[in-house]
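Asks: Heads up: the sequence lines are chains A and B, in that order. For the first sequence, this note's numbering assigns the number 1 to the initial residue and increments by one for each residue that follows. For the second sequence, this note's numbering assigns the number 1001 to the initial residue and increments by one for each residue that follows.
If you are wondering where the hints come from, they were derived from the structure by calculation, not from laboratory data. Here the structure is a predicted model, which is why all the values come from computation and not from measurement. Careful, some of the hints might be misleading.
If you only want the chain A side, here are some residues facing chain B, beta carbon under 7 Å, derived [stated by the list, open to error]:
1) Phe200
2) Ser201
3) Leu359
4) Gly391
Quick reminder that beta carbons are idealized off the backbone N, C-alpha and C, glycines included.
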Amino acid sequence: MTTATPEAATRDAATPEAATASSGRPGPIGLPRLLSAAGQPMDLAAHLQVHGRTPYRGGPGMLIHTIESAGLTGRGGAAFPTHTKLAAVAGQKGAPVVVGNGAEGEPASDKDKTLLWSCPHLVLDGLQLAAEAVGAKRVHLYVHREPRLVQRLQSAIAERAAAGLDRIAVGLVTAPVRFLAGEASALANRVEGGPALPRFSPPRVFERGVNGAPTLVQNVETLAHLALISRYGPAWFRTLGTETEPGSMLTTVRLANGGGGVGETSLGTPIAELLRLAQYPAQAVLVGGYHGAWLSPEQARALTLSNADLRPLGAAVGAGVLAALPVDRCGVIESARVVRYLALESAGQCGPCLNGLPLIADTLSQLANHRSAPSARGDLARWSKLVERRGACHHPDGTVRFLRSALTVFAAEVRVHEAGRCSASSYEPFLPIPAGSPDHKDDWS
Amino acid sequence: MDESLRVNPILCTGHGLCAELLPEQVDLDEWGYPLLSDNPVPDGLRPLARRAVNDCPALALMLVGGR
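Sequences and hints are given; from them, build the entire structure.
Replies: See the structure below:
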């Protein structure tokens, strides 16, 4: 058992699992835990050499307490306690369905694709272990329909079948490359064979999801952590992270110099360190992606990557997206591009979102292009209130969160635009927007 | 038991019948979609609320049980 700090050592002693839950192999020390240290994709032979075979527990429910002791939370964005979700699904009537959610719709996030590409067997181990924990009879892996990734996952699944690793055959389901395709109810619709469109709740998917069965939807990174905790125990998991937010998480970082990429970091790491703000100054920091929030550099410098720090400011760790906007760009223009994209990604099912998001996007674009009416800021505030909490899913809420943070952090630049000017010296787009997303507006399958 | 109105926004097409029947509980936004009061439906309005639920052309309105 590795102990990085005296605090961790104290916790180890107090946690009975520390002595029993380990597979007998030492857990990886430090980082990375999930991504392979060599940087090479891990095939099954390499995976088995490093981590050994899937550590089944021998029955439903056995793993749930271990996951609770570890304090694992969902890495798809909501940071919901994983053990609560497992217990809720296990407690329903009927055989549950488990779905690993790798449909990473967030354009600024690449971490799930990277994980699935480089370490698919950790995810597939986690899928089997979660299925055992809730007593599931059906298991799916849900990913974007990207041919190379799908082919790689199909061969990983076939390799495991040949090695007799998986107790339940994994069905691969492909999702359209849309922002909302990974929303849990949209996922349930798609796994049933329908379009990846959100549903009205209740019922929630853990009650009635895929074909009416209680459905556990877990982000693929969460499943990979679960697979490691099953092997190395909760005390090992807690040697990184903070007391309230233990462990590591994958991040997708965009530095102000244009560099960055997917990495793995301990929760509670200073944001300034992750974005190297001392070296590459930023005029603002986006945390949590396009349903996330902008922070001023002063705020960002004072905070760590943790919900304890971010939630009081209306932001969240989300799926680990961090972007440092370079000083030569315009925050209003960048935000207008994102809000336009989000408006186009509305499923168009609910009246307020269908009507409100395009109006919000148009008005913000007019502001970005110095063609705004004097009423622009008032209109944005009114429409924000009118779309908030009025959708079947959280798309309007997330869009409004992003918009409000933009209008706050870039308030001075908004006034510059209202006066017909712009402070930027570069108009090269910074935040990624998928090419051609308006062209496939009606393709949800 | 307190009941309050809830709308399924996917089914709702903005007919506005609920706002006509129950202006005390339902307002319409600038696009014609209902803005529902967070307050429970008072006893005196319950028959009208039931009628609004039953007559909704999109079957989008419902009464949900209180706390």
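Asks: Are the hints correct? Go through all of them and say.
Replies: Outcome of the hint check:
no. : hint   : in the structure
1   : Phe200 : holds, 5 Å
2   : Ser201 : violated, 10 Å
3   : Leu359 : violated, 9 Å
4   : Gly391 : holds, 6 Å
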